[in-house]
Structures are given as structure tokens and as C-alpha cells.
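**Student:** Sequence:
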Amino acid sequence: MRIRHYAVLLLTPFFCCCAIHAETKPLAEPLQYALEYRFKPRPEEKSIDVTLSVEHAELVRKLDFNLKNSRCYDFRSQAGLTRVGDRLAWLPEGSTAVLKYRCSVNSERESNGGSKAYDAIITPNYTLFRGDDMVPSVRSFTRKGAKSSATLVFDLPEGWSVNTGWTRTKPTDKGGKAPTFKIENGERNFDRPTGWMLAGKIATRREVILLSGDRRSRVAVSAPEGSGMRRMDILVYAQILWPKMEAAFGRMPEKVLIVGGDDPLWRGGLSAPNSFYMHAARPIVSENGTSALAHEFVHMVTRIRGKKNFDWIAEGIAEFYSVELLYRAGGISSNRRERILEAQKKRAAHIRTLSAHESSGANTAAAYVLFYTLDAEVRAVSQGKYTLDDIVRELMVRRKVDTRDLVNTFTFITGGVSKVLQSERVRGSE
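Residues 582 to 1011 in the working numbering are what the sequence shown spells out, letter by letter.
Hints may be right or wrong, so weigh each one.
With a Cα cut of at most 27 Å, we get these calculated DSSO-like pairs of lysine-lysine [claimed, not checked]:
| id | residue 1 | residue 2 |
| --- | --- | --- |
| 1 | 643 | 763 |
| 2 | 758 | 681 |
| 3 | 927 | 1000 |
| 4 | 627 | 758 |
| 5 | 643 | 681 |
| 6 | 763 | 888 |
| 7 | 621 | 763 |
| 8 | 782 | 763 |
| 9 | 782 | 755 |
| 10 | 697 | 621 |
| 11 | 649 | 927 |
| 12 | 981 | 889 |
| 13 | 649 | 889 |
| 14 | 825 | 966 |
| 15 | 836 | 751 |
| 16 | 627 | 697 |
| 17 | 758 | 836 |
| 18 | 649 | 888 |
| 19 | 755 | 681 |
| 20 | 981 | 836 |
| 21 | 836 | 825 |
| 22 | 782 | 621 |
| 23 | 1000 | 889 |
| 24 | 1000 | 966 |
| 25 | 763 | 836 |
| 26 | 782 | 627 |
| 27 | 1000 | 981 |
| 28 | 889 | 926 |
| 29 | 836 | 728 |
| 30 | 782 | 728 |
| 31 | 728 | 649 |
| 32 | 926 | 825 |
| 33 | 728 | 981 |
| 34 | 966 | 981 |
| 35 | 725 | 751 |
| 36 | 681 | 627 |
Just so you know, these hints were derived from the structure itself, not from any lab.
Working from the sequences, and respecting the hints, build out all of it.
**Tutor:** Shown next as C-alpha cells:
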């Protein structure tokens, strides 16, 4: 007994020491560096000043910016900057590194009936632009396992407000007034503030749309004050289509921003992952039964893009669902749907191949007809078990696609071979 007791006494300090050691051993900290983007509009200069600050810059070895077709210039930093051709290499140094530069905003597109038209603009009263154009695409070289947390802060002229497709968060500036957004992209280690943004004297309408499983989407429509943007019409239309889009595509964004305005803005529509632009004069549903608004909704949610010369795939899917979603929601009858199909066939009658770098109106009509027919084929081959929705959800995972992806996905879903995808128009695009 004494021997056992003595052994216990000897071992007790050892275990105590181990316990104390385990309790006091520091936990490994995550390798995270903080990015702060600051946008300062300068209407008088028709530009935006950008400041990029990197905290814990020791985790970042190099940021390699692609300046091809970029509107950004006058890059300055105390850390190392090297430009070779269209590439700008920045080597952040110290605990906090700062890069400053300027970007011109105005981007002229084809004219509106002879007058100038812009898909990005800055005026004394507002500015509309894509964040992608203010922060060039970048390749980040960091310590292994390092990830970014990012915020976007706006330094605005007096009387201006701002809206983006990102979630607003608590301001960190001294006065607590600078609009601040949390930039979070789970697909990338280096977060960029992409998507459409509108700042100035603007008006906004908002709605929360309930989804399945207690999830929800927050939808906002913003336009310059006094513009003809039908904000409430758009919100009502979104409320009608949202459940049908969720059923078709499976996932919906948590926050969406729709921006627009009058001339001299470009009379078209352009999408981004969390937002899209639509000119105020565009009808929600056109006289031919298609919907530019629903078309951009589909682009934004699916994020499918065609590889080179396969733009028709993304455009055809968006055009097909611009009618199909409205039909499923009860907005148009089956007779109207058939008349739309016949009109699209007429418009596409002269199209021999779908191949094009950018799909024209006739090409898109031909692609609409193809996807209408493909949907029927999927249903027939699978005996009603699957639809085009299942094909699209698979393409959403691949994101950038071509005809081979379509063919393989059809076979993967149905187990059969598509005759529709062997048509002359499709083969001519390969």
C-alpha cells in the first residue's frame, strides 16, 4: 500500500504539470489578413479614388493585378510596385500596407439613337459603376492557408448615399458614418468588391422574399432620384418569380441589388453575381412575351457563361427561362407560350449556326427554340423524371460551358443521347 501511495505521489505532479501545460498552450491562430477598400467618388474629375489597405501584410507575398482593359491608373505605394506590360505586381510590406490609385468611371457604349450612352457614369448627382472596374482582377500569393476578410468603405460627397449587392455592416470610421459593406466570396481566398454599385442622390425600394427552409432573399431596387425606374413594379415581379427560380435552380442569393436609370445610361441590361443593371425604359415584359428583367435574373442566379463562341448557351438558357418562369408562375397562358415559340422560330429562321462571340438577337431566338425543344426531349427520354432544370443545375456547377458540357450533362442526367444537340445549328458551333 505504501509503495502504491508513493507512486501516486510521484506521478501526481507529472499529471498536474501536463494538465497545466495543456491549459496554457496557446491555440493556433487562423492565418487571416484584413482588406479594406475605400472608394471616394470625385464627380469633378469623373473618377473614383481607391485605397486598398492590407493588415497583417506579412501574410501576403505578392498581389499581381491584371490591368489589360483596365480604367485604373496612377498607382502609388511605399511598398514595392513593378509593372511589366499589363501586369502590376505589388509586394505589401510591414504590418499594414497601402496601395492608392485612381479609376476613370465613364464607360461609353453604343449610342441611344445617335446620342452618347454609358454603362458606367459619374455625374454631379450620382455615379453608377461595377466594382470589378474599380479593383482589377488579381492573383494573390500568400502564406499557405492564409485567407482574407474584406470590407468596402465609401467616402461620399455631402448628401450622397450608396447601395451595393453586398451586406451592409457597422462602420468602423471615427464618426461611424462612412457606409461600410462586408465583402465575402466563399469561392475565393482574396475577396474583391465586385458587382453593380450606385451612389449619389438615390431612391431605393426593398423587399424580403421568403424561400424554403426559413431562408430569405433581400431584394433592393435603386435608381437616381427622379428617374423613371419602376422600382415597385420590379419588386412585385421579383416576388412572383422568386419561388419559381428557386424550384428551377435550387439556390438563390441572400441579397440582390437591381440598379438602373434614364438616358444617357445605356438602354440594355447587364448582370453580375449579386446584382444587375437595367435601363429604366426597358419594359418588364416585352410585347413579344419575353422579359429582359427575368432574363437578367436568370443570368445573375445561374452564373452560367459560354466558353469562346458558346455565348449562345448562357443567352439561350436565360431567354428560355424568361418565358418559362413567367408561364410556371401563371403570368402567361399555354397558348401565349406557343405563340412566343412560333415568333422565335420565325426570327431565327435564317440562323445556320449558333456559334458567335456574342449572341445576337436572332442567335438568342434560335437558342431559345433549341432549349425549348431540349426541355421536351429531357422529359421524354427520362419519362418525366427530369427536365431542363436538372441540366441547368449541373451546368451551374461547371459555370463556364460549351456544347460538350451540354451533351455530357444530358447523358449524365438521362442516361440517353440527345438528338436535339446533334442538330446542324449545334454542330456548326463546335
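**Student:** Would you check the hint for residue 697 and residue 621, treating anything up to 27 Å between C-alpha atoms as holding?
**Tutor:** 25 Å, holds
**Student:** Going straight from one Cα to the other, do residue 627 and residue 758 come out at no more than 27 Å?
**Tutor:** Roughly 24 Å between the alpha carbons, so the hint for residue 627 and residue 758 holds.
**Student:** Residue 966 and residue 981: Cα distance at most 27 Å?
**Tutor:** 26 Å, holds
**Student:** Measure nothing beyond the straight line between the CA atoms of residue 782 and residue 755; if it is 27 Å or shorter, mark the hint as holding.
**Tutor:** 24 Å, holds
**Student:** Are the Cα atoms of residue 927 and residue 1000 separated by 27 Å or less?
**Tutor:** 22 Å, holds
**Student:** Does the alpha-carbon distance linking residue 782 and residue 763 stay inside the 27 Å limit?
**Tutor:** Holds, at about 22 Å.
**Student:** For a C-alpha distance cap of 27 Å, please report whether residue 1000 and residue 981 respect it.
**Tutor:** Cα-Cα ~23 Å, so holds.
**Student:** Hint check: residue 763 vs residue 888, CA-CA at most 27 Å. Holds or violated?
**Tutor:** Answer violated: residue 763 to residue 888 is near 31 Å, above 27 Å.
**Student:** With the threshold set at 27 Å, check whether the alpha-carbon distance from residue 643 to residue 681 stays at or below it.
**Tutor:** 16 Å, holds
**Student:** Residue 755 and residue 681 were given as a pair; does the straight-line alpha-carbon distance stay at or below 27 Å?
**Tutor:** This hinted pair holds, its Cα atoms lying about 21 Å apart.
**Student:** Is the Cα-Cα distance between residue 926 and residue 825 27 Å or less?
**Tutor:** At roughly 25 Å apart (the allowed maximum being 27 Å), residue 825 and residue 926 satisfy the hint.
**Student:** Keeping to a limit of 27 Å between CA atoms, is the pair of residue 836 and residue 728 held or broken?
**Tutor:** 23 Å, holds
Violated hints, listed in ascending order, are 6, 11, 30 and 35; each of the other numbered hints is respected by the structure.
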